[in-house]
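Engineer: Going down the list, the sequences are from chains A and B. Position one of the first sequence corresponds to residue 1 (the working numbering), numbered consecutively onward. Position one of the second sequence corresponds to residue 1001 (the working numbering), numbered consecutively onward.
These are computed hints drawn from the structure, not numbers from a lab. On a predicted model such as this, the values are computed, not experimentally measured, just so you know. Please note that the accuracy of each hint is not assured.
Calculated pairs, DSSO-like style, for lysine-lysine (alpha carbon to alpha carbon, straight line, at most 27 angstroms) [as the list claims (entries may be wrong)]:
id : chain 1 : residue 1 : chain 2 : residue 2
1  : B       : 1285      : B       : 1245
2  : B       : 1018      : A       : 264
3  : A       : 21        : B       : 1134
4  : B       : 1018      : B       : 1037
5  : B       : 1162      : B       : 1206
6  : A       : 264       : B       : 1037
7  : A       : 264       : B       : 1027
8  : B       : 1192      : B       : 1134
9  : B       : 1325      : B       : 1245
10 : B       : 1162      : B       : 1134
11 : B       : 1325      : B       : 1285
12 : B       : 1325      : B       : 1192
13 : B       : 1037      : B       : 1325
14 : B       : 1162      : A       : 21
Okay, here's what each chain looks like letter by letter:
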Amino acid sequence: MIQAIRRRTNIYGAMAGIVPKTFLAYSLWVWVSLFLNTITMTILVFFWKAVYADTGTIAGLDLQTTLTYILLAQIFLPLGDLSMIFEFGYSLREGGIAHALLRPVDFQGGFYVQYMTQTLTSLFLQIPMALVAWLVFGLRFPTDLQLWAVFILSAILGRTILFFFDWMLACLTFYTTEVWGLGVLVYGASLFFSGSLVPLAMLPGWLQTFALATPFAQALYVPLSLLTGITPLSQAPMVLLIQVILLITLGVLSRLFFRVAVRKVTVQGG
Amino acid sequence: MAIIETENLTKVYRTTRKDPGLRGSVKALFRPQIVDKLAVDRISFHVEPGEMVGYIGVNGAGKSTTIKMLTGILVPTSGQVRILGRDPHRQRVDNARQIGVVFGQRTQLWWDLALIESLNLIARIYEVDPARYKQLLDQFSETLELGELLRMPIRNMSLGQKMRAELAAALIHEPLVVYLDEPTIGLDLIVKERIREFIRQQNRDKGTTVILTTHDLGDIEELCQRVIIIDNGRLIYDGPITTIKARFGKYREITFETCQPVYQAIALPEGAHIVTNGYSPEDRKLVLRFDRTLTTASRVAHDVMDQVEVNDFSLTEPDLSSIVKQIYNGALLEETTS
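Bound-form chain B, shown alone (with noise of 0.2 angstroms):
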């Protein structure tokens, strides 16, 4: 049975426009103009228990919207969203009791207190059985590196430190849920990776289901075997990684270090074609993508040198990156019309 369900999920905000300066604010105390804006449309998923799923988009594209509604905090406009076969806002209390939360950019631990005060408290709020709270502080302090951190407040910590506390606190009473909402934003490599191993550890030995929102996708590609991917609130993409990468993986990138600004049009074997988004003749870099299944580098390579004098090429290997930024530049629309 899915733990998480949502069906036709939607939020409309509502909001007043202003125009510009003096006049546009006194216009808007008297005539406002309201505006309605679609955040998340009519998105349906299913999550089982254990899965790590990566909930990926554009700024402003839902995502947290869409794990707000999950979380309980805000109220669909239209759809259903069933957490543990709860309403997750109307039952607020009880669907609390079993999920986690990390907002990437805010905190939820008492600011001028001690991690160690806001952990105790935490702990006492979802009734974590003491002899279990001890044992889970002792492993979260080594995992996490929490020792020294402990006696510090908040206030004093990096954001490095803040995040670790963080997730101590949404995991210290065993959520059979965790939604992860950004929680590498602005971390160093060491502390991404300290992170990233607490959460499959989490997940491995407690079995425990995790929706990780993040713009970092290395986070996606080292944890999540599924992946979601919203763009203008509507899902675009719902399916396992390897199967993304097998579709749209066969696309390669090849870079050119031109001599010269190159401003004529180049012949390119069938199955080739410049990427026009971003190219300036000007940067002296020429970047081509081309299906390796109706081409190879080499022909490409070869057809260009022969038209244009290159100082250096370089082959890119397609990762999540680079197959998202495609999906956004059309390539399911593509895929999907042809």
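Next up, chain A with everything else stripped away, as it sits in the complex (with noise of 0.2 angstroms):
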């Protein structure tokens, strides 16, 4: 048993070892992409605080406290990316899909690593942007040691919901070529339900319902909200309920999706 766990721990290690120096080897686009996170995150401020000229709160919510949210959104927006879609249609048009077959690993398995890595990575490329948003925003940075630990917990069950959703997205690219159309209708869900522009808390009730379930809140509002206080502590255990539901729920019906698509796989005419 151990050794099976060394075992998979190596094999699983290496894959995601990989990733940051994948990442890394395009040096150009990962300060563009630090500068124009940064131009967002300060035009997300400067809108904000126009919205709030006159008026004390909003559906509960102070200034300061939608302001430490949009900043920390901003900070951690990399737990929202979506990226399956675009993986496989790519992997799919280009044939790289045959070769991740053929690897003497789950392929879910495998993905799933590579994913989780690349959002850390892609985290720690966010560290500039939280020493902007603490020195020229003045971002207070909750100091509670439990939120904290309640906030990381909630972010990896929120980021694997999101994966195996995203993931079951992905498995349509086996039965459609109109990937690109359906990679920006997920993007833009994502970009209204994720939290990532307004706290789902300033939506009307039915509709911050709906996005709630989304796996898109699931992974950046959700978290965010028990970080910053949004939701009360005390909610913590019910959220990470719901959370840890969703997960075996979509965790079960990624892998079934998957193993109904893979059978409808072509790779470049054969």
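The task is to assemble the complex, starting from two chains supplied on their own in separate frames and drawing on the hints.
Structural biologist: Here is the structure:
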């Protein structure tokens, strides 16, 4: 048993190790995206200050809470990134899927490890943005270690939920060639429902309920609302329980989806 | 016991057909025409351990589809395939440990990283013992001349360098079965020869079973004792190269360069005929094929030169390429019906 775990750790560890290297192969891209993300963060700060110019609170949130949430949402934005649709689509078009299927590892397991490593790498590259948020916009990071612990747990669960959801959508690329349209559609949905632009607490009741049920919100808004106190810590057990249930359900569904979809795979005409 | 077994292996692709133009696209949106294409049609063969088999056919004949079913990437529509006693699709992970694959037109290496990074990762994924890995890396570096390539990102490599790197990656875990799909496509003669030597060495020293698909019949002649030929998804020949050469090698081709275009009929000795495929009087090239068991080259040349003024002529010995061309032109069918 221990031997099996050690073997798997060694294999998946090696697969994880390759991610930062490929990521950092394009240094210009890293710097440009950092610059653009900082600009976006700046615009959002001024936008929310303007929104709050004539009012003290919106949906029970004051300016400081909203700004803290928005700044943290921009820093932790990689938690809500989607990549599997384009990854599968590109891989099918270029034929790389054939080699991925030929590796002696669990196909989904391999992608999951790389997905999570990619998230960690992206978060690491957000450190300069966090410094800007702290030094320029006066972001006050929560100091309660319990909050951080709950946040990290919720973020891991939420990111995994999003992975399984992203995976199921990516399986559709085995059936359709319209990967770009599908990718844009999902990206648009994630922009609104992840809570990266607006705290979901500000949405009308019915829309908030719907948004919270989406994997996009589970990955970003739910953990951040715990960290910023929008969702009280006392509700954390229930929030985490819901996340575990979603994770198990989507995990099982995603395995079934793949098992059926992979039978449809075609690689460059054959 | 056979290492590769296929029984009535069949693959049908279901595709959507669109009429040309915008109207066709709109029509397909509402009433898509579903078309079934039979890519592989009831193919059965067995391969014994240590064999090197050439799997050949024209573009679209079903070669790559067969290979992908053997590797477990594609699921057969019907029929059976077993590799080392396993179903390669259902037991994908176990099967993957024992096989190596090179798809000549796509890479399994990490595009942005140095070759050594890719090889290190592959060795860890396949759980190659570190000491053995070091030994193999040294061996491969020498045979495939990888020395300077190890530190080079894949994206900076030439086609030949990339292919050498691909072979190293496909064989670093010492697989029992290797599928090579067009491994020498677009390569110059020197690189081709180096790659052929490497494959030969792996087969000789480790008993690796090799399935080779290629359009370069030189690869097959150099490496394989057995050849499987498929056409339109169906197996049309499976046997030793020597047998096929003996069966179809009785035909020779003789090419005459005539002084004038030849329009008139020419009387030929029994067993000789004009190769009509591609024949053009304006080219002033007259290609004849004759059965050397019925007539001789000198007899054919004599008869032609009696009737047509000839500048030059040449006799072609049959190689595998010309034999395959004959088979595709119906020689196998002709032989069966006669």
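Engineer: Does each hint fit the structure? Answer for all of them.
Structural biologist: For each hint, the structure was consulted:
1. B:1285 to B:1245: holds, 26 angstroms
2. B:1018 to A:264: holds, 20 angstroms
3. A:21 to B:1134: Roughly 22 angstroms between the alpha carbons, so the hint for residue 21 (chain A) and residue 1134 (chain B) holds.
4. B:1018 to B:1037: It holds: about 15 angstroms lies between the C-alpha atoms, which stays within 27 angstroms.
5. B:1162 to B:1206: holds, 24 angstroms
6. A:264 to B:1037: Measuring from Cα to Cα gives roughly 14 angstroms; hence the hint holds.
7. A:264 to B:1027: Roughly 24 angstroms separates the two Cα atoms, so the pair holds.
8. B:1192 to B:1134: Status holds; Cα separation ~26 angstroms.
9. B:1325 to B:1245: holds, 12 angstroms
10. B:1162 to B:1134: Roughly 21 angstroms between the alpha carbons, so the hint for residue 1162 (chain B) and residue 1134 (chain B) holds.
11. B:1325 to B:1285: holds, 19 angstroms
12. B:1325 to B:1192: holds, 22 angstroms
13. B:1037 to B:1325: Roughly 25 angstroms between the alpha carbons, so the hint for residue 1037 (chain B) and residue 1325 (chain B) holds.
14. B:1162 to A:21: holds, 20 angstroms
Against the hints set out earlier in the document, no violation occurs for any number.
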